[in-house]
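Protein sequence lines, in the order shown, are assigned to chains H and F.
For the first sequence, the residue numbers in this note's numbering are 4 to 251.
For the second sequence, the residue numbers in this note's numbering are 45 to 254.
Just so you know, not all the hints are guaranteed correct.
[As the list claims (entries may be wrong)] To be clear about the criterion: a stretch of chain H counts as covered by chain F if any three or more of its residues have a C-beta under 8 Å from a C-beta of chain F, and this derived list gives those stretches: (1) 93-101; (2) 145-152; (3) 205-211; (4) 229-241.
[As the list claims (entries may be wrong)] Quick partial rundown of chain F residues pointing at chain H, CB under 8 Å, derived from the structure: (5) S56; (6) L60; (7) M152; (8) L153; (9) R161; (10) L254.
[Said to hold, decoys possible] DEER-style ranges, computed between Cβ atoms: (11) H:G72 / F:R134: 22 to 32 Å; (12) F:P131 / H:D200: 38 to 48 Å; (13) H:R202 / F:T46: 43 to 53 Å; (14) F:L70 / H:V233: 47 to 57 Å.
In case anyone wonders, no lab produced these hints; they're calculated from the structure.
Cβ coordinates follow ideal geometry from the N, Cα and C atoms, glycine included.
One-letter residues, chain by chain:
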Amino acid sequence: MFLTLTLGRSLLRFWPIRRPFAARPWGLHVGAGVLPVLFSDEAADPLPAAIAGDLPDLGGAGTPPGAEGAFEALMRAANRGDEGAYALLLSRLIPVLRGMVQRHAPGLGPETREDVVQVTLLTLHLKRQSWREDLPLLPWVHAIARHKAIDALRARGARGGTQRHVPIDDLADLLADPDAADPARRHDIDKMLGAIDPRAAEIVRGIGILGESAAEIGARLNMTEGAVRVALHRALRSLDVQRKRMIE
Amino acid sequence: MTTDVLIRLLASDARLRTRLGTRIALALLGGAVCALGLLVALFGLRPGLGQVLMTPTAAKTLVPLVTAGAALWTVHLAARPAAPMRPAARALGAVVALIACGFVVLGMLGGAEGLRRGLGNPMMMMCFTSVLLISAPILVPLLGALRSGANLDPARSGALAGIVAGAAGAASYSLACDQDDALFVIPTYSGAVVALALAGAFVGQFTLRL
Chain H
4 MFLTLTLGRS LLRFWPIRRP FAARPWGLHV GAGVLPVLFS DEAADPLPAA IAGDLPDLGG
64 AGTPPGAEGA FEALMRAANR GDEGAYALLL SRLIPVLRGM VQRHAPGLGP ETREDVVQVT
124 LLTLHLKRQS WREDLPLLPW VHAIARHKAI DALRARGARG GTQRHVPIDD LADLLADPDA
184 ADPARRHDID KMLGAIDPRA AEIVRGIGIL GESAAEIGAR LNMTEGAVRV ALHRALRSLD
244 VQRKRMIE
Chain F
45 MTTDVLIRLL ASDARLRTRL GTRIALALLG GAVCALGLLV ALFGLRPGLG QVLMTPTAAK
105 TLVPLVTAGA ALWTVHLAAR PAAPMRPAAR ALGAVVALIA CGFVVLGMLG GAEGLRRGLG
165 NPMMMMCFTS VLLISAPILV PLLGALRSGA NLDPARSGAL AGIVAGAAGA ASYSLACDQD
225 DALFVIPTYS GAVVALALAG AFVGQFTLRL
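Could you build the full structure based on these sequences and the hints that come with them?
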């Protein structure tokens with residue numbers, strides 16, 4: 004019975020039924036929240052200088068960073084191995100993703116929303132072969148972000164919705180020095196890295212936190228650069244699993 | 045972990061190693077080789093296969109192949125969020141509708157006796173299970189390849205993979221099967237394809253989650 008219901012529901016969704024306009028995720032929201040973010044330099048996180056160099060020419064100095072085709076050009080360059088283009092693309096996508104997650108899961112607290120953004124980033128990375136290079140990038144990003152936001156909402160519902168968001172201003176007097184390192188974040192990293200293979204954790208720590216290159220880590224760990232990259236890819240898959248568990 | 049750290053990590057792994065289409069193609073190729081090997085080892089090819097393929101009986105092989113092609117087109121797009129899936133879904137729907145219409149028309153032409161002969165054929169269970177057996181080596185690697193896609197509806201993708209595998213398995217098995225009555229072939233092969241679609245949907249729900 005369960006299987007029949009599940010398959011029936013899936014086939015109903017799969018059959019090309021004309022849905023109400025509100026159910027079309029991309030068409031409705033283009034003007035509402037995404038475009039202002041796309042065309043705003045301020046909205047994007049500043050990109051570390053180390054990864055912002057050698058960016059591809061996206062059509063001249065007057066081209067806005069999120070202009071049509073720019074995301075796609077960056078993604079195509081990234082798929083060919085251009086790390087700078089990929090870093091720029093991801094940093095440009097962050098505000099877009101935050102907007103999407105906020106819109107689809109407004110009930111989540113800021114930390115959980117940021118977790119959803121990070122899980123979405125990881126998923127975009129691990130599933131980027133599912134983007135067709137002749138299609139626009141943002142609808143693909145949006146579909147995945149929406150899915151992840153809804154997953155997070157479901158997980159919260161499964162926990163009985165016991166997490167409540169308390170405005171941080173109410174706790175201002177109790178907060179520690181804002182300039183100090185965030186122990187929760189530190190604990191978060193340690194916890195995640197502790198759950199994966201030690202060598203992979205070393206690679207993640209080296210590239211992500213210490214800013215080392217794959218070649219430098221390879222020399223330190225007596226591995227080839229290619230092996231470091233393969234290990235990093237596997238570590239990212241493990242981190243994806245860890246992240247999902249933390250959200251669920 | 046801060047988002048900046050994550051971006052740095054992801055950017056270090058920028059190069060895309062294998063395309064989704066390549067993975068699916070390789071999975072299908074491997075699955076088809078295994079299925080054909082199994083077919084030859086277990087049943088062998090039917091006598092006079094070359095001549096049979098020159099007659100209308102070839103539809104027994106061609107229709108499942110077309111079904112598998114349409115389902116493959118659809119599942120390939122189902123693993124790509126925001127890709128336009130409607131034309132592929134319509135093509136698959138049209139193929140299924142044509143098969144159903146064919147069965148109805150042939151049933152009307154054959155009458156009650158024809159239906160009794162087709163549906164009461166004692167070989168039905170044997171052919172049904174044989175199609176399932178031949179299809180399994182196609183379904184497993186196909187589901188494996190689809191895991192690298194982004195399946196927003198895993199049960200649907202699994203069901204479509206089941207249709208691809210079942211239809212391809214039916215096309216393969218038709219090279220060995222000497223039962224040519226359409227009123228036997230359509231329900232038997234279709235039943236096996238539906239069973240595989242259900243199995244694919246069930247497995248896909250757990251293995252194809254994004």
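Taking the hints in turn, this is what the structure says about them:
1. 93-101: holds (count 3)
2. 145-152: holds (count 5)
3. 205-211: holds (count 3)
4. 229-241: That given contact holds, which follows from 4 residues of the stretch 229-241 of chain H lying within Cβ reach (below 8 Å) of chain F.
5. S56: holds, 5 Å
6. L60: With a closest approach of 4 Å, the L60 of chain F hint holds.
7. M152: Violated: closest Cβ of chain H sits about 27 Å from M152 of chain F, beyond 8 Å.
8. L153: The hint is violated - L153 of chain F has no Cβ within 8 Å of chain H, the shortest such distance being about 30 Å.
9. R161: violated, 30 Å
10. L254: Since chain H brings a Cβ to about 6 Å from L254 of chain F, closer than 8 Å, the hint holds.
11. H:G72 / F:R134: 22 to 32 Å: holds, 29 Å
12. F:P131 / H:D200: 38 to 48 Å: holds, 44 Å
13. H:R202 / F:T46: 43 to 53 Å: violated, 23 Å
14. F:L70 / H:V233: 47 to 57 Å: violated, 19 Å
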